[in-house]
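Visitor: Spelled out from the first residue to the last, the chains are:
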Amino acid sequence: MKVRIRRFDGQKEWWQDYEVEAKPFTTILDILNYIRENLDHTLAYRHSCQMGSCGSCGVVINGKPALACQTRVGELKTDTLRIEPLYNYRVIRDLVVDLTDFVNKHRSVKPWMIRKNPQELEEAPSEFKVTPQQNLTFIQFDYCIMCGVCLAACPTVAIDPLFIGPQALAQAYRYIADPRDEGFEERIDVLDDSHGVWRCHFAGACSYVCPKGVDPAKAIQYLKKEILKFRLLRKRKKAVPPAEIVQKEPPPNAPKPPPFDFKFEGGVE
Amino acid sequence: MVEENKRYKAGILRSLWPHGFNIERYTYTLHRITGVILALYLIAHVFEIFHVALGPAAWQQTLQELGSLGIFEKIGLWIIAGSALYHGANGLRLILNEAFGMLLGKPVLPEYPYMPTSLSRSQKIAIYILTAIVVILWIWAGLYLLEGLGIV
Amino acid sequence: METLDYDVAIVGTGLAGLRTAIEILRKDKGRLGVKVAVISKIYLMRSHSVSAEGGTSAVLYPEEGDSFELMAWDTIKGSDFLADQDAVWRFVHLATQEIRLIERWGVPWNRREDGRIEQRWFGGLSFPRATYAQDKTGFFEMRALYDTLLKYDNWDRFDENFVTSVVIENGQFKGFTAIDLRTGNFRYFRAKAGVIATGGAGQLYRITSMAASSTGDGYGIAYNAGLPLKDMEFVQFHPTGLVPRGLLITEAARGEGAYLINKDGERFMKRYAPSKMELAPRDIVSRAIMKEIMEGRGIYDEHSGLYHVWLDMRHLGKERIEEKLPFIREIGLKYLGIDIVDQPLPIRPTVHYNMGGIHTDIDGKVLMANGTPVRGLWAAGEAACVSIHGANRLGSNGTNDCLVYGYIVGNDVYNYIERERPQYPDQPRTALSAEEDRIFGRILGRESGGEDVYQLRNELKDTMERYVHVYRTGSELEKAVVKIKELKERYKNIRLTDRSRTFNYNLQHALELGFMLDIAHVIAQGALLRTESRGAHARLDYPNRDDEHWLKHTIALRSDGEPSFSYIPVRITMWKPVARVY
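As given, the protein sequences belong to chains V, Z and G, one line each in that order.
This note's numbering numbers the first residue of the first sequence as 144 and each following residue consecutively.
This note's numbering numbers the first residue of the second sequence as -2 and each following residue consecutively.
This note's numbering numbers the first residue of the third sequence as 4 and each following residue consecutively.
Don't read these hints as lab results, they were simulated from the structure.
Each residue gets a CB set at the ideal place from its N, CA and C atoms; glycine is no exception.
You can take every hint at face value.
Taking CB as the label site, the calculated pair distances span:
hint	chain 1	residue 1	chain 2	residue 2	range
1	Z	I126	G	G33	56 to 62 Å
2	G	E462	V	N260	54 to 60 Å
3	V	D335	G	R422	45 to 51 Å
4	G	N173	V	L305	48 to 54 Å
5	Z	I126	V	G217	33 to 39 Å
6	V	L305	G	E325	38 to 44 Å
7	V	G217	G	T500	27 to 33 Å
8	G	E565	V	L305	56 to 62 Å
9	Z	W56	V	S337	35 to 41 Å
Generate the whole structure from the sequences, applying the supplied hints.
Guide: So, in C-alpha cells, the structure goes:
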C-alpha cells in the first residue's frame, strides 16, 4: 500500500511516498518500523511499548489523530495512508512534536492528591476506605496515558495556544472527583479562567479521538458544573477518611508458616 | 509557559474544519459561524436603531427602507433568522450539558471498543431533535419572508 | 559540551526511578535543597512500567491468614533458592507500607465492598496477595507516582536524554554523560550521587513483551564502566505472550482462573504442576508450554509461522472479564480480532524480565568487583540485582521490587548527602572527551564501513531467539557465543545513514546496539558456563539443579572486550534449598 509521510528536517517540509505491504492486522507502527528499518533510516518518530499503554506514538493518520500502535490498516478502509505529525504542536522533526507545553499545562492544574492534613500523604498505616462504587466516579479519567492526541483534535487548542486543553482539565477532574482528594479550592483558580474550562465549547473531538476511552469532554462538562455549584451554592463533596487500623489475631485455620530459624552454611565457594 | 507555536499553528481553518470528526464537532463549527453572523447582525442592528437619535424624519426613512427590502436583503434576513434559531437551540443543549451535566452519561468503566458516553445516544438524539426543530422553524421563517415579497 | 550540576542524577523513570526521586524530595522537604535531575531517554510516563499488568504482592491483612514468612518463603522457593534471603526478608516487610502509601497518592486499587483493598491469586503464591488495579496495575502506579512527583519543585526533568556512560574514577561516582536527543548536544550530568534505574533488556529477543525502549542501557553503561553484572543468564520468559509479537497477556488471567490448553484440548499443566496447575511459577509454566510445542502438541499459526497453545478464559464470563481483565480483552480485540469472552487466545512464552542486573548490596549500592561499594552510585528496580528474585521472579514481585527499592535507595541516597555532605566531583576531562569522541567521532562521524544497524540488530535478535531461549543446550549456546562475537566485530564497522543532530534515532539505536551486544554476550556465555538447570535457566543437557556446585551467583566483568566470570556465594539465612515441587 502507498504511504505518504509528512517530513520535516528543521528547514523544509515535504511529503515523502513509500510503498509497503500490509495485512489487515498490520498496525501503522509496524509500517513505520518497517520503513525505518528497511527503506529509510532517517525517518524520525517516537514509539515505545507497542501495545497502546505508553502514549508515545501519537500521529495523525488520514486526518484523524490516533496512536500508531493501535490503529490497524484494516479499520481504515483505504489503500493510501497519509501520516502527519500531531496537529496543534510545534514539529521538531518528521513525526516528532514538542510536548513541553503539554506537560506544563498538565502540571499547572495540580494533578496530585491534596489533603487538608498533608501528613496523611506521608505515612500510611492504613488505606483510605473507597468502595468499588466510589472508585467508578473517577477511574475512567485515570485511564489517561498522556499521549496528547486529544489536543491535536481540539478545535479550541488550534486557535488558543494558552487553553489548558482537554487532557489537563480531565486530569483536574480526575482528582476532584476522587473521594480521597480535598484540593478543589486550590485548583479552582487555574480552572475557573478564560483559558480554563470556559474556553471549552464542547466540540467533543477529544473524546472522539481518545485512544483509551477517557472521555475528556465529559470530565470538562462535569468540571463546569462543579465550579458553578461551588461559585453559586458553595457546595463541595466530603472526602473519605483513612480506614481504621484493624489488628486481629490470625484465624486458627490459617496455613502455618514454614520453619524459620534454620541457618544454612556450606554448599558455596 | 507556552512557547510560540510556529509550525502547524493551525489557526481558524483547522479549528473550523470538522471533516472526519464526530457530529458534535460539526455542531461546534456551525455554532461558531452562526455566532459570528449574529454578532455582525447585532452591529448592523445597533447602527439602524441609532437612526432614532437623528430625529423622526431619519427614523421614518429607515423604517420605510426596511419595509421595502429586495430579494437579497430578504435572503440575508433569512440567514440571520436561521442563525438565531440554530444558535439559540444549540445553546440550550450546551447549557444542559455544561451547567447541569445532562446528556453526558455517568462516569463508567470504559469498555473496548471505546464509545465515549458524552457523545452517545442521548446527545445525538438531542442534536437530531434540535436540528429538526430548527429546520422546520427556518422553513416557516422563509415562507413568511417570501410572503412579504409577494411570491407565495 | 554542556555541564549540568545536580545533587542527585536519576537515570530511568520507571517505577523505581520515580519512587527514588519522590523519596529523596519528600525526605528533604527543602531542608538541604537537594536538586534532583530525572533523566529518561523517552518522556516521563512512557517508561515500560506502565505495561505491568497483573498485580503487586504484599501482605496487607495478616489477620486473614497471610504472613511475612509465607511471602518470603514463596519468593525464595520461586527463586529456586538463588535469592539472597536477608534481602528477601527485608523486602517483604517493606512492601506493605508501599502499597498503602501509593494508595494514598491515588492508585485506584480494586476494592472489596467494605472499602478495603482486594487481592487475587498469582503464580507461585500460597495466599492470594497480588494487590491489583484491574489489569493495569503498573500503569496506575506510574500515574500515581508521576503525579506525586509533579507536586515537588526541586527537580528538573530531562526527557529524551540518552545516557551513554557512567563516569567512575577510583571508586568514586562522577556523573553521567548523555546526548540530548532534541538538539544532539553532548551533556555531562555532574552529580554527587547517581541512581541507575533503567530496567531490563527484552529487546535482545524478537518475541518480547518489553518495550522498544527496554534495551538494557543501564546494564551496558555499568558493564562498560567496569562494574560487575550479576546472574545475567537468568532471563524470565513469561508463559503467556500473545502470538505473534509476544505482547503480554497477564498472569492475572490465570490468577482469575484461565486454562492452558494444547492441541488435544487437554489442560496439560496437570502433568507438570499437579497441585498448582496453571498457577505454578513462570519458569515452570514456560517450560511446560515449550515442552508441549516441542512434542508436537502445539497449534501452528499460519500467519506468523509460530507454534502456540491456547489460553482459555471463556468460562470466566463477560462481567468478570470486564471488571478484572479489561485490558487483556482490549489487546485481543485490537491485535487479533479475538474476543476472549468467546474465543481462546493463542499464546507462547515471551521474554519478560531480567532477574540479573547490576551487582548491588542489600541497600542498592552498586558494588565493584572486589565487593566494595562505589561511592555515590546506586541501582534500583530491574536494572539492579540485589538479588531478591534469584533464578526466577515470581509474578507480582516486579513492581513491588521497584517500589521497595525505590524507597530504600532514595532513603540511602538522602542519608549519604545529609551525613557525608559530598562535594561536586572534579570534571574527568579525559573520560569525557573520550566518550564524546566515541559517539560523535567514531560512530556518528564514521565515513567508511558499511554495516547497517538494523541488519545487525535483527541478526542479534534472531540469534538470541533461536539459541538462548527457554531451553538451552551447550552446543547451541556455543553457536550463539560465536555469532555474537562475529556481530561484535561487525559492529565496529557500522555506518549511519542519518547524520542529523536533531532526533537522530539512527545514532541512538547504534549506541543501544553496542550495549545489547555486550549484554547478549554476557547472557550467552554465562548460560554456557552454568552447567545445571535452575529457575529460568533450563539446560537440556544438564536437566537437574546442582546445589553442590552451582548454588552461587554469577558475576560477569568486562575484561578486554570479553566477559570474565567469577562466582560469589548466596546469602542463605533462613531456609535450606529443598526440591521445588508445585
